[in-house]
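Trainee: Input sequences plus hints: build the corresponding full structure.
Residues per chain are reported as follows:
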Amino acid sequence: MIPAAFLITGIGGLSAYGFSLIGRVCAFTKANSYREAWEKSINKETSIIPAASCTFKTVCATLAYSMILADTFKAIFATVGFNISRSNTLLGITSVVLLPLCLLKNLSSLAPFSLLGIVGMIYTAFAMGVRYFGGGYAASAGAFLPDVAASLQPAFGTIGAAGVFSPNAFILVCMLSTAYMSHFNAPKFYNELKDNTIERFNILVGSSFAISIATFILMTAFGFLTFGSSSSGLILNNYSNKDTMIGFSRVAVAISLVFSYPLAFAGFRDGVLDLAKVPVEKRSNGLLNKVTVVCLSLITGLALAVKDVSFVLSFGGATLGNALIYVYPALMFRGAVKKMGDKASPGLKKEVKLAMANACLGVGMGLVGAKMALKSLAL
Amino acid sequence: MKALLLCLIVASCIPWTAIAFAPARTMVPGTMPSTHIASFPKLPLVMTSPVLRMSATAAAMEEPSEGKETSSGGDGTMSALMFNLVKSIVGAGVLSLPAGKLLLDTKLCKY
Numbered sequence: 001m002i003p004a005a006f007l008i009t010g011i012g013g014l015s016a017y018g019f020s021l022i023g024r025v026c027a028f029t030k031a032n033s034y035r036e037a038w039e040k041s042i043n044k045e046t047s048i049i050p051a052a053s054c055t056f057k058t059v060c061a062t063l064a065y066s067m068i069l070a071d072t073f074k075a076i077f078a079t080v081g082f083n084i085s086r087s088n089t090l091l092g093i094t095s096v097v098l099l100p101l102c103l104l105k106n107l108s109s110l111a112p113f114s115l116l117g118i119v120g121m122i123y124t125a126f127a128m129g130v131r132y133f134g135g136g137y138a139a140s141a142g143a144f145l146p147d148v149a150a151s152l153q154p155a156f157g158t159i160g161a162a163g164v165f166s167p168n169a170f171i172l173v174c175m176l177s178t179a180y181m182s183h184f185n186a187p188k189f190y191n192e193l194k195d196n197t198i199e200r201f202n203i204l205v206g207s208s209f210a211i212s213i214a215t216f217i218l219m220t221a222f223g224f225l226t227f228g229s230s231s232s233g234l235i236l237n238n239y240s241n242k243d244t245m246i247g248f249s250r251v252a253v254a255i256s257l258v259f260s261y262p263l264a265f266a267g268f269r270d271g272v273l274d275l276a277k278v279p280v281e282k283r284s285n286g287l288l289n290k291v292t293v294v295c296l297s298l299i300t301g302l303a304l305a306v307k308d309v310s311f312v313l314s315f316g317g318a319t320l321g322n323a324l325i326y327v328y329p330a331l332m333f334r335g336a337v338k339k340m341g342d343k344a345s346p347g348l349k350k351e352v353k354l355a356m357a358n359a360c361l362g363v364g365m366g367l368v369g370a371k372m373a374l375k376s377l378a379l
Numbered sequence: 001m002k003a004l005l006l007c008l009i010v011a012s013c014i015p016w017t018a019i020a021f022a023p024a025r026t027m028v029p030g031t032m033p034s035t036h037i038a039s040f041p042k043l044p045l046v047m048t049s050p051v052l053r054m055s056a057t058a059a060a061m062e063e064p065s066e067g068k069e070t071s072s073g074g075d076g077t078m079s080a081l082m083f084n085l086v087k088s089i090v091g092a093g094v095l096s097l098p099a100g101k102l103l104l105d106t107k108l109c110k111y
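These protein sequence lines are chains X and P, in that order.
Going by our numbering, 286 is the number at position 286 of the first sequence; the sequence numbering is gapless.
Going by our numbering, 90 is the number at position 90 of the second sequence; the sequence numbering is gapless.
Don't read these hints as lab results, they were simulated from the structure.
Check each hint, because a few of them may be wrong.
[Stated by the list, open to error] With beta-carbon atoms standing in for the labels, derived distance ranges:
(1) X:M356 x P:D75: 31 to 39 Å
(2) P:D75 x X:A305: 30 to 38 Å
(3) P:D75 x X:N83: 49 to 57 Å
(4) P:D75 x X:E281: 44 to 52 Å
(5) X:A141 x P:D75: 48 to 56 Å
Built from N, CA and C at the ideal position, the CB exists for glycine as well.
Mentor: Put into structure tokens, the structure is as follows:
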């Protein structure tokens with residue numbers, strides 16, 4: 001677990017640096033969005049690159065949402081005595097709940113429910129901690145073990161710390177890239193910060209990422225130390241359907257995802273329309289409804305075919321996640337410093353090399369991580 | 001290991017408590033979309049927002065002196081933004097990390 005904690009901390013630190021770089025580019029260019037920062041630091045013609053990356057990132061996001069919802073609702077239904085297949089659960093939830101929500105044109109009423117996300121995660125961390133420390137799933141003695149499928153019961157390997165040097169470590173690295181992903185909002189955070197000096201922005205970024213890193217380590221530790229090498233792609237799947245405390249967790253996660261889904265989906269749908277160069281004034285309700293049905297069908301079809309959410313996270317992180325976190329910020333930073341010309345300090349010019357090294361690291365991790373993710377899917 | 005985890009729990013609770021009990025400040029509606037951001041994954045609301053405040057050309061770029069230069073900025077306090085940023089990072093994706101950790105301990109792939 002300790003090598004994994006180092007990986008989580010290391011990737012968190014690199015992600016925080018990328019986040020900080022974007023804020024600094026905004027400070028240099030007075031940009032208010034990721035795309036605008038790109039336009040002002042590099043050029044306008046290529047600004048479709050971060051826009052397209054973001055759109056495809058939302059595809060991964062909504063796909064992961066659909067998969068988690070399918071697994072979670074299947075377990076919730078099983079808890080109350082209905083054994084419904086994953087496919088039927090997903091199709092039912094999508095057509096009865098998600099489609100009407102995604103057809104909404106005004107999503108502002110859903111905003112308060114997004115707060116449920118963090119409350120649900122805090123409760124889930126608490127519940128997982130109670131189960132780990134309480135020994136409810138301890139090998140051969142756990143009270144809930146008889147209700148857990150054999151393939152999901154705790155099992156522990158023998159590789160230990162040497163595992164961090166395994167090529168498989170790149171899969172965890174890429175999953176972390178997805179988990180830390182929030183960089184598209186860096187310009188908003190910078191511009192909304194009161195008295196937004198770079199020093200204060202860095203304090204904000206450093207503190208927030210430190211809290212996130214600690215939370216990630218805790219939840220990874222609770223899940224892995226409870227179930228070991230049997231840990232499922234969605235750790236809640238490992239817990240018994242008769243475990244009431246975890247049942248509440250599933251409900252909290254499900255509710256937060258249901259109401260967050262339309263927000264993520266709107267990003268995907270609007271991104272598709274942006275890339276198709278459909279002007280905002282021509283986006284009639286009829287067109288939006290048609291695009292919604294097509295996009296949601298596509299996502300649901302993918303979620304039916306791909307069952308391992310960790311693959312989506314690792315492959316998405318390896319490709320688009322690494323680009324948005326490591327590569328694009330470094331390129332923008334280099335472009336901004338270059339455009340400063342003689343006004344740039346020697347320190348900034350030296351830091352460009354560091355940022356570009358970070359970008360190269362991102363490319364390397366992305367290539368190996370994508371290969372490993374595809375390989376793990378084939379096994 | 002359990003003692004180590006307990007220490008980590010206590011350590012990670014301190015900043016959460018500090019944020020929770022910091023002087024509250026409501027975000028100005030429409031200016032800080034991170035309250036609308038699903039915890040996982042993160043949304044491109046910035047990109048899709050039609051509101052852009054263009055103000056400077058690339059030629060006018062200058063390096064602000066670190067820590068001294070202040071621009072107008074917004075109204076967001078450090079604690080409120082910290083809560084929003086953590087909320088936008090920590091999401092359902094974390095529930096998959098134990099599966100990523102197990103990959104370190106298995107030999108699924110041979111190089």
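Trainee: Determine for every hint whether it applies to the structure shown.
Mentor: Checked hints:
1. X:M356 x P:D75: 31 to 39 Å: At 35 Å between Cβs, range holds.
2. P:D75 x X:A305: 30 to 38 Å: Cβ of D75 (chain P) to Cβ of A305 (chain X): about 46 Å, so the range 30 to 38 Å is violated.
3. P:D75 x X:N83: 49 to 57 Å: 52 Å, holds
4. P:D75 x X:E281: 44 to 52 Å: Roughly 32 Å apart at Cβ, these two residues miss the hinted range, so it is violated.
5. X:A141 x P:D75: 48 to 56 Å: Between A141 (chain X) and D75 (chain P), where Cβ atoms are some 55 Å apart, the hint holds.
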